[in-house]
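*Asks:* Sequence:
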Amino acid sequence: MNNLQSKYEILLEEERLLADKIESCEECVEVIMEFIAKKADTIHVLTA
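Numbered according to this note's numbering, the sequence shown spans residues 1 to 48.
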């Protein structure tokens, strides 16, 4: 049972780390999308 508990705790930590990484990626995408939206008239989308 102790081994199962240990594996569960490891999985919880991995899940937390993945959630943090996903949140970081979402923030990056949001910043990029805001930049593109602000520069929509002056940026060439295919070369951006």
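Don't read these hints as lab results, they were simulated from the structure.
Ideal Cβ placement from N, Cα and C applies to all residues, glycine included.
Just to be clear, a hint being listed does not mean it is correct.
Now the in silico label distances, taken between C-beta atoms and shown as ranges [to be verified]:
no.	residue 1	residue 2	range
1	I36	N2	45 to 55 Å
2	Y8	C28	53 to 63 Å
3	D41	Q5	34 to 44 Å
4	A37	K7	42 to 52 Å
5	C28	K7	46 to 56 Å
6	E30	E9	24 to 34 Å
7	A37	L17	22 to 32 Å
8	N3	C28	32 to 42 Å
*Asks:* May I ask which of the numbered hints given earlier this structure violates, with the numbers listed in increasing order?
*Replies:* Hint check: 2, 3, 5 fail, others pass.
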